[in-house]
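Chemist: Residues 13 to 294, numbered by the working numbering, are exactly what the sequence shown covers, in order.
By construction, these hints were calculated from the structure, which means they are not laboratory data. All C-beta atoms, glycine included, are put in the ideal place defined by N, C-alpha and C. Some hints here could point you the wrong way.
Here are the simulated distance ranges between beta carbons [claimed, not checked]: (1) I268 x R194: 48 to 56 Å; (2) Q245 x G85: 43 to 51 Å; (3) W200 x G32: 48 to 56 Å.
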Amino acid sequence: MMELWYSIVELLPFDWAQSGGMYFMKNALLAVLVISPLFGILSTMVVHSRMSFFSDALGHSAFTGMAIGAICGFNEPTWAAVAFAVVFALLFNWVRRRSALASDTVIGVFSSTAVALGIFISTLGGRSFTKFNALLIGDILSVEPAKIGLLAVILVLIIVLWAVSFNQLMLSAVHPALADSRGVKVFWQETIFSAAIAVVVTVSMTWVGLMVINALIVLPAAAARNIAKNMTQYHLFSLLGAVVAGIAGLMTSYYIDTSAGAAITLYLAVWFMITFLFRKKT
Numbered sequence: 013m014m015e016l017w018y019s020i021v022e023l024l025p026f027d028w029a030q031s032g033g034m035y036f037m038k039n040a041l042l043a044v045l046v047i048s049p050l051f052g053i054l055s056t057m058v059v060h061s062r063m064s065f066f067s068d069a070l071g072h073s074a075f076t077g078m079a080i081g082a083i084c085g086f087n088e089p090t091w092a093a094v095a096f097a098v099v100f101a102l103l104f105n106w107v108r109r110r111s112a113l114a115s116d117t118v119i120g121v122f123s124s125t126a127v128a129l130g131i132f133i134s135t136l137g138g139r140s141f142t143k144f145n146a147l148l149i150g151d152i153l154s155v156e157p158a159k160i161g162l163l164a165v166i167l168v169l170i171i172v173l174w175a176v177s178f179n180q181l182m183l184s185a186v187h188p189a190l191a192d193s194r195g196v197k198v199f200w201q202e203t204i205f206s207a208a209i210a211v212v213v214t215v216s217m218t219w220v221g222l223m224v225i226n227a228l229i230v231l232p233a234a235a236a237r238n239i240a241k242n243m244t245q246y247h248l249f250s251l252l253g254a255v256v257a258g259i260a261g262l263m264t265s266y267y268i269d270t271s272a273g274a275a276i277t278l279y280l281a282v283w284f285m286i287t288f289l290f291r292k293k294t
């Protein structure tokens with residue numbers, strides 16, 4: 013499978029695309045083509061459900077999971093981070109449903125707790141925090157073919173979830189009582205959605221960075237919402253914006269030697285400002 017991908021990439025007019033080398037860049041391009049649609053699809057759900065800061069809180073919980081995995085001596089702490097982030101998302105959803113507090117307040121409580129717990133665990137016994145610095149910035153050039161395959165599986169599952177549950181999720185976000193009266197299991201819809209965000213954020217964090225991952229999930233749909241005239245355009249513009257910004261950000265990071273996650277975010281921010289200037293009038 014990867015050999016076929018390398019053969020396709022060799023048709024591109026770039027120095028790194030030539031045969032026999034630069035496999036890290038070819039792997040990174042494929043990863044971007046998988047991660048970007050993930051962000052574009054999830055972005056529409058996150059923005060429409062008013063859960064923009066939730067993904068940021070999940071990033072903090074994923075960092076805590078990484079610290080737990082590292083201190084337990086796991087060879088692959090990512091799995092500990094995924095498990096912790098999913099538990100974090102489920103607990104958040106449970107507390108939010110049973111609390112009179114606003115969602116942003118509950119998110120703030122969980123986010124600050126996750127950050128404090130992560131720093132506490134990572135520095136326990138006088139350990140140095142510096143080994144976790146890479147998680148803050150991310151490094152998509154380090155992605156391996158096996159991890160790309162995992163991302164592709166997650167993308168397929170998210171597409172299935174989106175196709176099956178999007179209408180119910182939208183109704184639950186806009187009017188939970190009406191959704192419940194129509195037979196929609198609001199709690200379980202929100203729980204599955206929260207778990208899906210947790211998995212995507214955690215798996216992607218290593219490559220795009222904790223500092224910018226929330227922006228990557230929010231900006232595609234925020235920009236699309238400015239100019240979309242209907243729901244189809246909303247999803248299409250979010251998806252295309254994420255993919256184009258992902259490719260442009262990766263190319264920029266390679267040629268001027270900077271963080272890919274930050275470059276992608278800046279392209280999305282510029283796209284948001286452009287769409288804001290040409291937004292539909294209401």
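Chemist: Are the hints correct? Go through all of them and say.
Modeler: How the hints compare with the structure:
no., hint, result
1, I268 x R194: 48 to 56 Å, "52 Å, holds"
2, Q245 x G85: 43 to 51 Å, "49 Å, holds"
3, W200 x G32: 48 to 56 Å, "51 Å, holds"
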